[in-house]
Amino acid sequence: MDSEFLKVDLFGIPWMTLNVPTMIMSTVAMVIVFFVTFFMSRKIQMYPTGAQNALEYLVQFIKNVISSTMEWKQGKNFVMLGITLILYVFVANMLGVPFELATADHEVWWNSPTSNPVLTISLALFVILLTHYYGWKMRGPKEYGKDYFRPVFFLAPFKVVEDFSNTLTLGMRLYANIYAKEVIMVMLVGLGASGAFWAFGAFIPLVVFQAFSVFIGTLQAFIFTMLTMVYMSHKVSEEH
Amino acid sequence: MGTVAIAVAITAGLAAVAGAFGVAIVVRSTLQGITRQPEIRGPLQTVMFIGIPLVEALPIFAIVIAFLLLP
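Protein sequences appear in the order of chains A and B.
Each residue of the first sequence is one higher than the one before, starting from 847 at the first, in my numbering.
Each residue of the second sequence is one higher than the one before, starting from 57 at the first, in my numbering.
Among the hints, a few may not be true.
Non-contacting residues of chain B with respect to chain A, defined by C-beta distances greater than 12 Å in every case (computed) [stated by the list, open to error]: (1) G58; (2) Q93; (3) Q101; (4) T102.
The calculated label-pair distances, taken between Cβ atoms and stated as ranges, are [said to hold, decoys possible]: (5) A:W982 x B:I81: 35 to 41 Å; (6) B:G58 x A:F884: 50 to 56 Å; (7) A:V1029 x B:P94: 18 to 24 Å.
I should point out that these hints are in silico values taken from the structure, not numbers from a laboratory.
For every residue, glycine included, the Cβ atom is placed at its ideal position computed from N, Cα and C.
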C-alpha cells in the first residue's frame, strides 16, 4: 500500500523493529481510557447521576455478557478484564474514524492502532494465555490437562490446533475489519482530493462510511470481548 | 502487476460473496428460531454473535491474503 510507517530498530538489532506511530497511538488510547474512566468514577453516590450512570450501564452490560457464557461463580473474576478490553478496543477503533494524519510522502502519524496486525495478534495472544492461566489456576493442573482429552482421547491434536487458530482468528478479525476500513477511507479521501467535481462526489460517501465505521468499530469491540469470554468459559467451566 | 491485480480482485470478491452467504444462513436460522420462540431471543442472539465470527473467519483470511498480495 501507499502508507509508510516510521520504523526504528531497537538497540540497532535488525529484527527488533518498533513501529513508532502504532506505539504512540496505542499509548494515546490507553491514556484516554484511563482518564475517562478515572474522572467518571470520582464522585460515587448512592443515587447515580450522569457519568456514573453511564459507567454502571457499561458494568451491567459486561456482567450480562459474562453471565451468558459461564457461571457467575467463575465469571465474577472477569468483569474488570471485560471492561478493560471493550473500552480499549473501542477507543482504539474510534481513533482513526474522524481524521487521519499523514505527511506529504504518505508517512502515517495518526490512525487506528488496531489496523496493525502485530498489535491485534499480540492482544489476542495475551488473551489466550490468560485463559490458560485461569484454567490452570481455577480447576487445578489435573483437570486442565485432562481437558485436552475430554470428549475422546484422539481429539487432543485438534485441541492443540484450536488454541493456535483461536489466537489467529481473534487477532486477524479485528485487524482485517479495521484495516479495510482505513484503506477504504484513504481511497475516498484520495478520490475527493483529485478534483473539484470529485470532492462533491466523495463527500457524502465519506460521511456515510464514517458512520458505518463507527458501527463496525463498536461491533468489533463487542465481539472481541464476547469471544474472550467464550474462550475463557471453555477453559474455566466445570462441565461441557 | 496486471495478473496480481486480477488475483486480488477475484480473492476479495469471492471472500465477500462467501462471507455474505455464510452470515445470511446464520442470521436466517436465528430469525426462524426467534419467530418460533420469542422468549429465548437473548440466548439466541448470544449464540448468533458467537457464530457469525466463526463463519467470518475464513473470508477474513482470504481478505488478508488479498492485502498481502497487493504490491
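Structure-based check of all given hints:
no.: 1; hint: G58; verdict: 18 Å, holds
no.: 2; hint: Q93; verdict: 17 Å, holds
no.: 3; hint: Q101; verdict: 9 Å, violated
no.: 4; hint: T102; verdict: 5 Å, violated
no.: 5; hint: A:W982 x B:I81: 35 to 41 Å; verdict: 37 Å, holds
no.: 6; hint: B:G58 x A:F884: 50 to 56 Å; verdict: 54 Å, holds
no.: 7; hint: A:V1029 x B:P94: 18 to 24 Å; verdict: 40 Å, violated
Hint violations for this structure: numbers 3, 4 and 7, all remaining hints satisfied.
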